[in-house]
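Engineer: Model the placement of chain B on the given structure of chain A, informed by the hints.
There are 2 protein chains.
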Amino acid sequence: MRVVIIGSGAGGLSTASNIRKYNKEIEIIVITKDKYVAYSPCAIPYVLSGKIKSFDEIIMHDIEYYLDKDINILTETEVIEISPTKNLIKYKRLDDTKIKELKYDYLVIATGGIPAVPPIPGVNLEGVFTVRTLEDGIKIKKWAENCEHATVIGAGLIGIEMAYGLKHLIPEVDIIEMASQVVPRSLDPEMAKIIQKYLEKLGVNVLVGKTVKKIIGEKRVNAVKLNNKKINTDMVLLATGVKPNISLAKKAGIKIGKWGIKVNEKMQTSVRNIYAVGDCVEVKDFITGENTLSPLGSTAVRQAKVAAKNIIGKKCRFRPVLNAMVSRIGNLEFGSVGMTEINAKYHNIEAVCGMSKALTRARYYPGAERIYVKIVCNKDGKIIGCQVIAKEGVSERIDAMSIAISQHLKCSDLCEMEFSYAPPLSTVVDPFVPACEEIVEKLQNG
Amino acid sequence: MRVVIIGSGAGGLSTASNIRKYNKEIEIIVITKDKYVAYSPCAIPYVLSGKIKSFDEIIMHDIEYYLDKDINILTETEVIEISPTKNLIKYKRLDDTKIKELKYDYLVIATGGIPAVPPIPGVNLEGVFTVRTLEDGIKIKKWAENCEHATVIGAGLIGIEMAYGLKHLIPEVDIIEMASQVVPRSLDPEMAKIIQKYLEKLGVNVLVGKTVKKIIGEKRVNAVKLNNKKINTDMVLLATGVKPNISLAKKAGIKIGKWGIKVNEKMQTSVRNIYAVGDCVEVKDFITGENTLSPLGSTAVRQAKVAAKNIIGKKCRFRPVLNAMVSRIGNLEFGSVGMTEINAKYHNIEAVCGMSKALTRARYYPGAERIYVKIVCNKDGKIIGCQVIAKEGVSERIDAMSIAISQHLKCSDLCEMEFSYAPPLSTVVDPFVPACEEIVEKLQNG
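From first to last, the protein sequence lines are chains A and B.
At position 167 of the first sequence the residue is numbered 167 (the UniProt record's numbering), and the sequence of numbers has no breaks.
At position 390 of the second sequence the residue is numbered 390 (the UniProt record's numbering), and the sequence of numbers has no breaks.
Quick caveat, the hints were computed from the structure, so don't treat them as lab data.
Only a predicted model underlies this, so the values are computations on that prediction, with no experimental measurement involved.
Capping the alpha-carbon separation at 27 Å, the derived lysine-lysine pairs in DSSO-like fashion look like this:
1. Lys33/B to Lys100/B
2. Lys382/B to Lys266/A
3. Lys315/B to Lys379/A
4. Lys379/A to Lys309/B
5. Lys315/B to Lys382/A
6. Lys309/B to Lys410/A
7. Lys53/B to Lys35/B
8. Lys357/A to Lys309/B
9. Lys315/A to Lys410/B
10. Lys410/A to Lys315/B
Chain A with its partners taken away, still in its complex shape (with noise of 0.2 Å):
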């Protein structure tokens, strides 16, 4: 039996991994366009801040580990087609232009995400960039060696991380955010408001509520135009989004949804031997049960292996999603899990929320730091949302009100769970209760 997998990112190799796992006879072949394989993209932002040493580092592992694993991987392949009734792709490598044939038994899709560029005159720009590879964080640490000023555009989640990480490389940077918040998507206005703080105590210029209009250049870029100012800069940075990269699914005729390439629990698309994760799918939220997006890395390693585990044999099933993010920026951390309260508005959920700012310790232990939580429920007290502002603890948080969203938890249950407590590690009352108890008491008083 033969495994074909595209793309060699977080989704594409754990599936190889997976199947490795659990079955040594399977022949695995990945197919990718990439030059280096099974690195963290998420970390290019911290080489670039200097807090990771090199992009060497963040490379996981290089072709021979999976050689040793009989993982065979075409690097810098591009696959022209699939042939869902033939069971082959035709493919051809990079620098040639001879065009090959491989059959396969099972085809896993994860051709990910290509940034999404916005319609913005002036994009094809020298010195405009997006980051999505490993090879995009290398170019754009060496053109940010001679930039006086740089432009983030998008203050989303890889926008943020990305001006944070180039501010230690040039001296003036800009982030302009169309939304009149920084991280629109996971964090409700008063913790972005944090948020925006930090970056700017940081030194980020933050600007919201901007839209920028044109990039500005003859063959490089030397300034971008706002409505109503101009501002000169060496370099522009998109990060505008990610856009399912579906096309070769589309033109094989694999039923693509609203958003991505559709699959089942079983991360099975509309052929009944291709497989899709990560990126490239779209998924079912969890709170709204309507299909979305969630291109998270660690969401296409748990779809690797429910598709690995389904090729195989096995049962396994991918749950809808509640999209748990989490984030750092200097010393600062962040996350958000489920809806936030301008989400809920969004989808026309009637949102009760309760804010909490407290301590991480004992308020005598020394390192006692600040934390701000915020809870949204719906109007029956169900958690639907919680976001967390802190310098720790953060991720374990987000994961442990994932947990309770999953289980359909009221606030009225957290205000009597059991925290665990002891002065150097934790506060007498943990900071959720507080906030869900604020909740508890508006449904109360109607």
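Structural biologist: Using the frame of chain A, we list chain B on its own:
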């Protein structure tokens, strides 16, 4: 209406504060033998270690703080008798013989615990201590200043925290534990071994599987006698557990259970208008359904909220406990929630366990630290316990598992759970997952 509260620990004072939070009219009187109130006894070891500068810092509030809230506190005052039929108590100042009476509408017994002193000859010698109150802490610190060698008897939580604290004041510290491991109530042997090694690395001599037969000395302690040897020592700390302080309640005819004062879900005793909270009550264990003790500050605080709400007529219940505990020795944090494998065996629960050794952050991210996770399931795969050791994020992880266990999650559920990921905060596969996968496989293979 008047509420009288006996005891000024976490249970007593939290009951007072909670009643006042919801009701400004009720007269509240707290009676306590203690001189200092509203301090954090759990923090005493960290004052000894010097991490917290002085005992003053762990006093959260003074008497005036409570007076401002219209909460009266009678310190250094002892309740002599409770008369449930007359709704009154008799009390006297410690330095006086005059007995006074006080009527109550509701009485809250928050008399806490008293150190369980083992029946070893010599426990009354000078230089033999127990630790419970701030005054104990002050006395111990003073005595320790002139010691060359200290012996801590009992390697439970308090024992190892105190041994670690004392090591900063005394050149040689032995900790002697009857069981074959440290922290026998909350950790399984392989996890306890990590803590033991760390303690030893910090210079504490750990003697497990050893019993102190006698404490030797004329007026003051000068040695401890074990089965086969004598160890010279200048100080002995008895950290051999705590037992509920139930004498007042017992004398008043209030129903006592196998372990402590019997209460219902409202924290109401067998007498309608008498409540009890904190270390003096027995609670229901979530896993076994049997009665047990939960002598934790966080338990007392949650019980206090329940008692207060019920006294003022709001609905609130105290749920069965999972005994979530966390601690920190040096830079190492550890915690446990629910059943250990050993405790499960003791309760005739067939346990299936999984372990994982992973990292707290992406392996290339500076500050990534080792994390050890053990998960305990019953034979249906339902999670009944979890232990975590790491240098960060332990408390939040224990809380996440407290939520998971309280919701009857299975290990297979956790394998499919959505965990957050960013290289500076976490790993792409959460350490809980491989531990749960190990259990799933064990269960599948019978």
